[in-house]
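> Whole structure, please, built from the sequences with the hints as guidance.
Positions 1 to 449 (full-length UniProt numbering) are the ones given, in order, by the sequence shown.
By construction, these hints were calculated from the structure, which means they are not laboratory data.
Among the hints, a few may not be true.
Claimed, not checked - Simulated crosslink set (EDC-like; lysine to aspartate or glutamate; CA at most 16 Å straight-line):
id, residue 1, residue 2
1, 261, 214
2, 6, 58
3, 346, 364
4, 205, 142
5, 165, 148
6, 261, 287
7, 205, 148
8, 199, 155
9, 195, 151
10, 6, 57
11, 165, 189
12, 27, 39
13, 346, 367
Claimed, not checked - If you anchor each label on the Cβ, the simulated ranges turn out as follows:
id, residue 1, residue 2, range
14, 254, 44, 47 to 53 Å
15, 440, 254, 53 to 59 Å
16, 348, 184, 54 to 60 Å
17, 19, 87, 19 to 25 Å
18, 248, 23, 50 to 56 Å
19, 81, 184, 42 to 48 Å
20, 175, 155, 19 to 25 Å
21, 283, 156, 40 to 46 Å
22, 221, 440, 34 to 40 Å
23, 193, 50, 32 to 38 Å
24, 419, 217, 50 to 56 Å
From a predicted model like this one, the values you see are computed outputs, not experimental measurements.
Even glycine gets a Cβ: it sits at the ideal position worked out from N, Cα and C.
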Amino acid sequence: MSTAEKLSILKRKRTTLRAAITKLSTKLNDPNSTQADIEFNTERLQIKLNELTLADDEIHDFLNDQEYSEDIIECEKYSENAHLQLFNSKKKANSSEAILLCSRISSSPTSDSIHYASPPNLTVKCVLPTVNIITFYGKIEEFHGFWESFENCIDKNESLSQIDKHVFLRGYLDAEAKRLVDGISITEDTYPMTKEILKSKYGNKDKIIQVHLDYLENLTPIKDLSPSALNELYIDCNRRLQALDVLGKKTQSYGRIWAPKILRAFPLEICRNWVVYAKRENLTESDIAKLMKFLSEEVEGTITANNIKGSLVPSYPIKPSLENFNVHSRPILTRVFITGSNEITKWTRCLLDGGSQFSFISSDLVDTLNLPVISTRPLDLQAFESPTSFSHKKRQVQFQLSSIWDKSKVNVIAFESSNRYASQPSLPTDISRFAKSKRMKLADPDDSL
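Set out below in C-alpha cells:
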C-alpha cells in the first residue's frame, strides 16, 4: 500500500471519529438527558477523543512541515472544543450528584422535638479531569517538573498505600532513571529509599541550574530556518529561563550576559529587528523579559505568514533572478549520492540544468529508495517546438543529494519520470589517469584507479 493510500485511509478514519464526537456532544447538550445518559456519553466521548489523538499522530507522520503546521492548528482547535465539552459534561454530572445528595439530606424526617444533626465529616467527592504525569527518562532539567506532578498527585495522596505509590513511581521511570533503581524490590519499606536515591541523583538544585546555564551558554545559530524549528528554539529558551527563575536565579538581572547568547541563535533578520525595535521603544537591548516577548511575536508572525503563503525561508540560498536566467549557463553532468527516508544511499548520475522548470527523478530510484511522496498532481509536458502539450499525473518526492567530492548536501523536491536513458558510456583509461594526476573532478571517475 502506497503512502498516499495509507494517508487517505487514516483521514477517512479521522473523519468518522470526528463525526462520532460531534454526535456525542449533541447528545450531551440535550437538556432532557438523564444522569445515566450523561455519564455513559461522557465516558464514550473520552474514549473517542483518545482514539482521535492517536489518529492525528499517525496522520502527522506522513505530512511535510507546511502540511503539519496547517493540520496541527485545525486539530488543536477541534480537540480544544471537544475537551471543553467533556469538561462541562463532567462538571454537570458532578453538580447533579451533589444536588441529589443535598436533597436527600434536607428531606430527612424532622420534628419539633427531634433534631437530626448533620454528619460532621460529610464531604462531597467530585471526579476531576485526569492529570497526565510525564515519564521521567533521567534528564536532570526535567526532574523538578516531574517530581512536582508526582508528589502532588501520588506521593501526598493519603488514600494510596506506600506500595501503591512505589508501583506508580516505578511506572513513571524509564531509561537511565529506571536503571538507577531497577535492583530495588517494590515493598513498603523501600519506597522512601527509592525516593531519596532519585532526589539525590537528580534533585540537586545547583546541578539543575548548571544544566540550564550550560544550554544557554552553548547556544549556536540555528541551521533549520523553518517556522517550526524557530518555534521549538523559542520554546526551549523560554522554558530554561522560566526554570531558572523558579530555582531562584533572577534572569532579568543577567540580561547583559544571556540576551546576546539567545539572540545569536536566531536568524540575523530577527536580531536586526530586535535592535531596531529596542531603539524605537527606548528599551535596553539586554531586557530579557522584553526580548522574549518580542521573540514570541516574531516567531508567531513567521508561523502565521507561513500558513498563509507557505514556507518563507527556503532550506537553500536563493540566487538572484538575473543569475538564475543567465544566458551563459549550461547543463552540467555529475555523479552524486542520493539518500531516501529509509537511509539507503545509492550513487547516480545527475544532470544540472538551470533552464529546466522542474526537477525529475527516475521512477526506479523512487521505488528502490522508498522516497517519501509529498504530493501527486497532474503535470503538463510539452516537447520542444511542439504546438500541443499532454498532461500526466506524477508523484512529487523529496530526497537528499550529496557530493562524492566533499560533504556538501542539498534537499531536492522532484517529479518522478519513467523515461529510459541510454547506458552509461565507459571512460577511456588514459583520460581517467590524466584527470587523476591533475586532480581533476570527473562526472564519472574510475573507482578502480
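> Are the hints correct? Go through all of them and say.
How the hints compare with the structure:
Between residue 261 and residue 214 the CA atoms are separated by roughly 11 Å; this keeps the pair inside 16 Å, and the hint holds. Taking the CA atoms of residue 6 and residue 58, the gap is about 10 Å. The hint holds against a cut of 16 Å. Distance restraint check for residue 346 and residue 364: the Cα-Cα separation of roughly 12 Å lies within the 16 Å cut-off, and the hinted pair is therefore satisfied. For a cut-off of 16 Å, the pair hint linking residue 205 to residue 142 stands: about 12 Å separates their Cα positions.
Distance check on the hinted pair: residue 165 and residue 148 sit about 14 Å apart at the alpha-carbon level, within 16 Å; holds. Between the alpha carbons of residue 261 and residue 287 the distance comes to roughly 13 Å, so the proposed pair stays at or under 16 Å and holds. A C-alpha spacing of about 14 Å is found between residue 205 and residue 148, which places the hinted pair at or below 16 Å, so the restraint holds. Distance hint between residue 199 and residue 155 is fulfilled; the C-alpha atoms sit about 14 Å from each other, no more than 16 Å.
The hinted pair formed by residue 195 and residue 151 meets the criterion: a straight-line CA distance of about 10 Å does not exceed 16 Å. Among the hinted pairs, residue 6 with residue 57 is consistent with the structure: their alpha-carbon atoms are about 13 Å apart, no more than 16 Å. Between the alpha carbons of residue 165 and residue 189 the distance comes to roughly 12 Å, so the proposed pair stays at or under 16 Å and holds. At most 16 Å may separate the alpha-carbon atoms for a hinted pair to count; residue 27 and residue 39 meet this at roughly 11 Å.
A C-alpha spacing of about 13 Å is found between residue 346 and residue 367, which places the hinted pair at or below 16 Å, so the restraint holds. At roughly 52 Å, the beta carbons of residue 254 and residue 44 sit within the given window of 47 to 53 Å. For residue 440 paired with residue 254, a C-beta distance near 55 Å keeps the hint of 53 to 59 Å intact. Range check, residue 348 to residue 184: Cβ separation about 55 Å, and the 54 to 60 Å hint holds.
As the Cβ distance of residue 19 to residue 87 is approximately 21 Å, the hint placing it in 19 to 25 Å holds. Residue 248 and residue 23 have their C-beta atoms about 51 Å apart, which keeps the hinted 50 to 56 Å range intact. Checked against the hint of 42 to 48 Å, the C-beta distance between residue 81 and residue 184 comes to roughly 45 Å, which is consistent with it. The hinted window of 19 to 25 Å between residue 175 and residue 155 holds, with their beta carbons roughly 21 Å apart.
Take residue 283 and residue 156: their Cβ atoms lie about 43 Å apart, and the range 40 to 46 Å holds. Range check, residue 221 to residue 440: about 35 Å between beta-carbon atoms, so the 34 to 40 Å window is met. At roughly 36 Å, the beta-carbon separation of residue 193 and residue 50 lies within the given 32 to 38 Å, and the hint holds. With their beta carbons about 54 Å apart, residue 419 and residue 217 fall inside the hinted range of 50 to 56 Å.
Taken one by one, the earlier hints all hold for this structure without exception.
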